[in-house]
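Colleague: Starting from the known structure of chain V, fit chain C onto it as the hints suggest.
Below are the chains, spelled out letter by letter.
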Amino acid sequence: MNKDCSKDWKKIAHASGLGVPDEALERIAQSLDALETDFRPLVASLTPDAEPATVFRPAPPTDEEDAG
Amino acid sequence: MTLLEAAAALRRRETSSAELTAAALQRIERLNPSTNAMQTVMADAARERARQADEELARGEGRGPLHGIPIAVKDLFCTAGVRTTGGSSLFANYVPDHDATVVEWLRAGGAVLVGKTGMHELAYGITSSNPHFGVIRNPWDRDRIPGGSSGGSGAAVAAGMVSMAMGTDTGGSIRIPASFCGVVGLKPTYGRVSRYGGMTLGFSLDHMGPLTRSVRDAAAVLNVIAGYDSRDPTSSRRPVENYVPDLEPSIRGLRVGLPDNFYFDRLDPEVDSAVRAAFRTAESRGAEIVPVRVPDIAAINTVARLILLAEASALLEPHLEQRDRFGADVLSLLDQGRLVAATDYINAQRLRGRMQREFAGLWQRVDCLLTPTTPITAPRIGETTVSLGGVQNEDVRLASTRLVRGINPLGLPAVSIPCGADRRGLPIGLQIVGPPFAEALILRIAQALLPGEAPVPPI
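Taken in sequence, the protein lines are chains V and C.
Heads up, the first sequence is in my numbering, so the first residue is 1 and it goes up one at a time.
Heads up, the second sequence is in my numbering, so the first residue is 1001 and it goes up one at a time.
Worth flagging that the hints you see were computed from the coordinates, not collected in a lab.
Mixed in with the good hints, there may be bad ones.
Here are a few chain C residues that face chain V, going by a calculated C-beta distance under 8 Å [what the hints assert, rightly or not]:
(1) Q1336
(2) L1339
(3) A1342
(4) R1354
Backbone N, C-alpha and C define an ideal beta-carbon position, used for all residues, glycine too.
Isolated chain V, as found in the complex (with noise of 0.2 Å):
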């Protein structure tokens, strides 16, 4: 594994079974390094009450409700 990298994204790919080319993965491991890094400590920060921002609605909002 790349010592700056926290994940290995070939070995990810592979295992994935998705199809990507080495060539294409070696491009953007860069990109997807950098985003984990600004990423993985805003996780951390989570607490277990967030809830995520999108939520099942199993019917649509009323009028009332979707107006507030």
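Modeller: Frame of chain V, contents of chain C only:
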């Protein structure tokens, strides 16, 4: 001429829809070879629709300010019987059997659709240098990009081909071309305008909105396209209002937020100067300038990027075996998205909810935020990096989206208006962001700062 000026001339019988449409088609014929703004021109259908509009207007059956006005829509809005490519070779021969809601409502308002504008492939980028349908060029300087992904819409409006072209905005794709092309670009609140029939890029991030030559034009279009649509599960039932501001609206007493973090970091000095001048103008009109510390926009940008990577790749994965059908930049992003873990996508959505609550607190202190739209003016075609504020080689895509992307996961309304030019004469964009569903407020402020028409490029 702005859309509302043309509408007034139509009402006074000083012109006709047929004349306006013929003029639009002539201008497209003259300027499209050098800009490539329009991907599909619907000349015959437009002339016929204009003839019908003139007949209706003569019978006193006016349908509102868009009646008889030539317009265009980005080539990802479905148009019944007319090819809709999304800027992709995958859909090069796709002819929908239905109109997108936005198109349907614009047609119902009497607008004359003269064509469909070019765009960045699949709306997934900001250059609008499309590998399948050609490079789109900025009317202010044909060696520069118009921005994107709604680059054709920005270029078409700037070049005066049409007074309004619809765009979409997933991470700045209305506001960036508005900034680079010197026009008005409105991204309404998520849910305010139906997404139905627009080719999706990011389910939870896509917004539809107009690019125009004046603020009041953008508001007049919003009056037509805003409202609940049962075909879009995220459409809002919140009542619509009249969004068109007065010609000289008062902004006295409004609290205009001046961010003291993030938004003024790493700007082209001329952009910084022009945007700060806009604050002085707002203050001179009676607004109160309130310095504020905004929530962590860099973090919101990170969350937005991760969400978009996952949503776009989930949508387009069935096509990814045909790798030669994608441009290199789009394919790279789609490959990245397939490597985003499901847990990370869910955590990004959890972070998004928290950030939304943090941002909501800001609206207790200010009525709106003013920021630059883009930290730079339009880059040259093919330019991949910029150096700003001591940071060398910042990716052009990341620089261009840096100040706009974070507004999408928050779903907030935002408008970009021209606020000056750099030493080369290239337009500079000012972004006004407001609380959810405060379109009327941000358009009022925009009108106070841009009371007339956007500047015209030397073409």
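Colleague: Hints first: check each against the structure and report whether it holds.
Modeller: Verification of the supplied hints:
no. : hint  : in the structure
1   : Q1336 : 5 Å, holds
2   : L1339 : 6 Å, holds
3   : A1342 : 11 Å, violated
4   : R1354 : 5 Å, holds
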